[in-house]
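We have chain H already, so just place chain L on it with the hints.
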Amino acid sequence: MRFLNRSAGRLSRHRRGRLAGLMMLVVGLLLTGSMYAAFAPAQAESTDTQAADVEAGRELFLIGCAFCHGQNGEGQYTVNGDQIGPSLVGVGAAAVDFQVGTGRMPMAQPGQQAPRKPESYSDEETAQLAAYVASLAPGPGIPDESDYSLEGLTAEEQEAAIVRGGQIFLTNCTACHNFEGAGGAMPRGGYAPTLRGVEPKYIYEAMLTGPQAMDSFSNGNITPDEKRDVIAYLGSLEESPQYGGFGLGGLGPVAEGLFAWVVGIGALVGFAIWIAAHTTRSSKKKVSA
Amino acid sequence: MSIDTSKVATTTSGAAATAKPNRAGAVANWADERLGLGTLAKKNLRKVFPDHWSFMLGEIALWSFVVLLLSGVFLTLWYVPSMGEVHYEGSYNQLRGIAMSEALASTLHISFDVRGGLLMRQMHHWAAMLFIASMMIHLLRVYFTGAFRKPRELNWVIGSLLLLLGTLEGFTGYSLPDDLLSGTGIRAADGFMKSIPVVGTYLSFFLFGGEFPGESIIPRLYTIHVLLIPGLLLALIAAHMLLLVYHKHTQWPGPGRTEENVVGFPMLPVYAAKAGGFFFIVFGVCAMMGGLLTINPVWKYGPYDPTKVTAGSQPDWYMGWPDGALRIMPGIESHIFGYTIAWNVFLPIIVLPGLMFTILLMLPFIESWITGDKRDHHLLERPRNAPTRTAIMVALMTFYGLMWAAGGNDIIAIKLNLSINQISYFMRVAVFVGPLLAFFITRRWCISLQRHDEQKLLHGYETGIIMRSPEGGYSERHLPISESAAYTLTARSREEVYDPEAQTDANGVPAPGGRLAKLRGRLSTLWYADNVQKPTAAELEEAHHHAEHEHQLQGAMEGRSADGHQFDGHHAVEGETLRGDH
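Heads up: the sequence lines are chains H and L, in that order. All residue numbers for the first sequence refer to this note's numbering, where the first residue is 534 and numbers rise by one. All residue numbers for the second sequence refer to this note's numbering, where the first residue is 10 and numbers rise by one.
Isolated chain H, as found in the complex (with noise of 0.2 angstroms):
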């Protein structure tokens, strides 16, 4: 303590000289002038690729997407007014991220719900689709890697990161995804979808986004750091083994009935009938009783 406390006089001392103000003034505006002049072009040149970007997801857009989301983006109602597509203005290049990267959009068929299926467009069409409706108006951007990694923690505070996930997962999720994330009814044919095997990313970005019938869990109703948690915690459980044998889909007791009665039942009168088909005497002989 004495240590510091004697440098940080003996820097403040020098700081005191007459000049030092001034010469400070001079480094700072010098290291900003010449760190403008460095990185500058590259700007410029990221800014390039990224109005290229724009344009070709705008052709891209007009083709597979502007029939039911409009032209630019702005909705399609039918003359009863019903939503055709909704308004993607505003929706930011996570909702394009996950509604695309993971096959849901272009929707095959109008429907309740558009399902996951095999994404149509590949990663650097999916990115050109982001940047132009990203264009149209601020959003939410596709989160980065670090955002959802525990990496940097220590193995304590990753475990009480996951035991907060948890809990956070059980209070805000449970409800429609089911308590290990196999997924649950919604009303008229709607439905959350399994959350197992769904890469992290795509998690994050659709409680940013609430994709369809799903909440936006905004991050101001749970923090980037808690999605963070939900995100480690269902890796967790995909992680942890299978404690108690085969996990029969996770969908609880419905599941479990139907195997006491096909498995268990079915095994047990199996047996019974094996049972009052045989003897105990020795003789082969059928004896008729």
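Among the hints, erroneous ones may be present.
Below, in silico cross-link-like pairs of lysine-lysine (DSS-like), each with a Cα-Cα straight-line distance of 27 angstroms or less [claimed, not checked]: (1) H:K734 to L:K317; (2) H:K650 to L:K424; (3) L:K424 to L:K317; (4) L:K52 to L:K203; (5) L:K56 to L:K257.
Simulated restraints on C-beta separations [to be verified]: (6) L:N353 to H:Q645: 20 to 30 angstroms; (7) H:N605 to L:N353: 40 to 50 angstroms; (8) L:L236 to H:A693: 38 to 48 angstroms; (9) L:G99 to H:D677: 43 to 53 angstroms; (10) H:S749 to L:W87: 35 to 45 angstroms; (11) H:F779 to L:L549: 56 to 66 angstroms; (12) L:I345 to H:A746: 29 to 39 angstroms; (13) L:Y434 to H:S749: 30 to 40 angstroms; (14) H:F779 to L:A247: 42 to 52 angstroms; (15) H:R649 to L:Q431: 17 to 27 angstroms; (16) L:N353 to H:A746: 22 to 32 angstroms; (17) H:Q745 to L:S343: 30 to 40 angstroms.
In case anyone wonders, no lab produced these hints; they're calculated from the structure. Glycine residues also receive a C-beta, built at the ideal position from the N, C-alpha and C atoms.
Chain L in isolation, oriented as in the chain H frame:
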């Protein structure tokens, strides 16, 4: 029943004295001389039971109950029935440090930190599922074969009570871990109680010791689960089996089997081995399921918290059908003087199960009142020979099954890509229409089978041999069924429709009973009227004459290419060769 004790005593002592001294025999003799078990055992170890696979279904229930007792005792050694709050510090990482009740913490302790604990927990749970399921299939067997008839009505009542108590026992056990699922179940039970008009809230406050959830419910359910209901179950199972021994087991009709005897194998050695072996099989199936199939993974549900719920929150299967009724019930409620009567909860979950249980309990009495059959029955009836009875149970099963399916409507919706709303709309109609359809289809089906039996009796069985007459006509050769098959088919009594008019005496004064008797007459007509009665001796005689005549027209079969029918399984074929010596 008198036993010739002098004879028994001499044979036993004689055998013990003359044979070379056997250690087990010495011990048995020591015990016999002091307890007098020999005479009792001599009689009961020779008790005869008939052999049929369907008679072993009740045994599944008995043995799974034994598995429940064994595994349950194991669990009580670690389980803490308390709602006191602790922070979990066990082996399961994902819940470490979370506040939970001691009940859940100890359940997690059993699952992760007690050697073999999770296996025992899962065995206990699977055995509970099998216990109730096997009671139900046993019940179906007893009902479909008419084994509930006099003198066994009271055993039917005891069995029904066992089913009810087993269900309650299952529910209390389901609630004990105090995880998210069981807490949701208790929450639902609280709501069910509160839906009872006037007394509902009092009942709920009485059970929970105040407002839900309180701190008393887990200890109270524990006492009910490990003391009260198991005690009642044990007593009723004992009574059930004592009555079984007293009444003797029912048997299928057949040559040599009458209402007065039981044809089968003795307890020792046959049934002791069969039933004892079956215990190990039931234990083994429970252990396999407990070891290989996850049931109720409480660690994933986490502690109960009234603010949380999970999709797929269902009761265990035996409570699934009232849950289904609750799910498809339209939301109807009345408001009277500021009080709400929640019909949408009260009717499906309180009234309906009570009504269904009463119907179940009364089935033997309703039937014997309608048919007027007050005779003792020890011979079973084939389901087809009681079409209305069979149809009633199939209708009840259809009702149960549809309600049951409605209880899993969300799982059906996501697994079959259906709309949960459409499933509910369908079920609202199907639970009324389905049982009626099932009743009519089953009844007619049974009657068709009766007609088939009558055909077999009168015209013989179909040999599959097509005969060509000299005129060029084709006909299938029928041959008479064997004596014993014919006996078995006709070993049933002729049924009489109750006719209230017949009760009117010579002076035209109707017998007392009036309107009730008329109702009974109508029901009796419905019960019996379309049944096929077994043919009379004269009808059989005539049919056989007719068949012989027909055979003469068709010509002999021996030595022709149509020969070979004797190998169709209807006859003894020892020493016979195909087509004689050709």
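Hints and how they fare:
The suggested pairing of K734 of chain H with K317 of chain L holds, with an alpha-carbon distance near 26 angstroms, which does not exceed 27 angstroms. Only pairs whose Cα atoms come within 27 angstroms are accepted, and K650 of chain H paired with K424 of chain L is accepted, the gap being roughly 16 angstroms. Distance restraint check for K424 of chain L and K317 of chain L: the Cα-Cα separation of roughly 24 angstroms lies within the 27 angstroms cut-off, and the hinted pair is therefore satisfied. A hinted pair counts as satisfied when its Cα atoms are at most 27 angstroms apart, and K52 of chain L with K203 of chain L does not qualify at roughly 54 angstroms.
Among the hinted pairs, K56 of chain L with K257 of chain L is consistent with the structure: their alpha-carbon atoms are about 9 angstroms apart, no more than 27 angstroms. With their beta carbons about 26 angstroms apart, N353 of chain L and Q645 of chain H fall inside the hinted range of 20 to 30 angstroms. The hinted window of 40 to 50 angstroms between N605 of chain H and N353 of chain L holds, with their beta carbons roughly 48 angstroms apart. A C-beta distance of roughly 41 angstroms is found between L236 of chain L and A693 of chain H, which places it inside the suggested range of 38 to 48 angstroms.
Our hint of 43 to 53 angstroms for G99 of chain L and D677 of chain H is violated, since their Cβ atoms are close to 36 angstroms apart. Evaluation of the 35 to 45 angstroms hint for S749 of chain H and W87 of chain L yields a pass: the beta carbon distance comes to about 44 angstroms. For F779 of chain H and L549 of chain L, the hinted distance range of 56 to 66 angstroms is satisfied, since their beta carbons lie about 57 angstroms from each other. Our hint of 29 to 39 angstroms for I345 of chain L and A746 of chain H holds, since their Cβ atoms are close to 38 angstroms apart.
Distance hint for Y434 of chain L and S749 of chain H: a CB-CB separation of about 31 angstroms, consistent with the stated range 30 to 40 angstroms. Under the hint 42 to 52 angstroms, the C-beta atoms of F779 of chain H and A247 of chain L, about 37 angstroms apart, miss the expected range. Take R649 of chain H and Q431 of chain L: their Cβ atoms lie about 22 angstroms apart, and the range 17 to 27 angstroms holds. For the hinted restraint 22 to 32 angstroms between N353 of chain L and A746 of chain H, the CB-CB distance of approximately 25 angstroms keeps it satisfied.
Taking 30 to 40 angstroms as the suggested C-beta distance range, the pair Q745 of chain H and S343 of chain L conforms, at roughly 38 angstroms.
In summary, the numbered hints that this structure violates are 4, 9 and 14.
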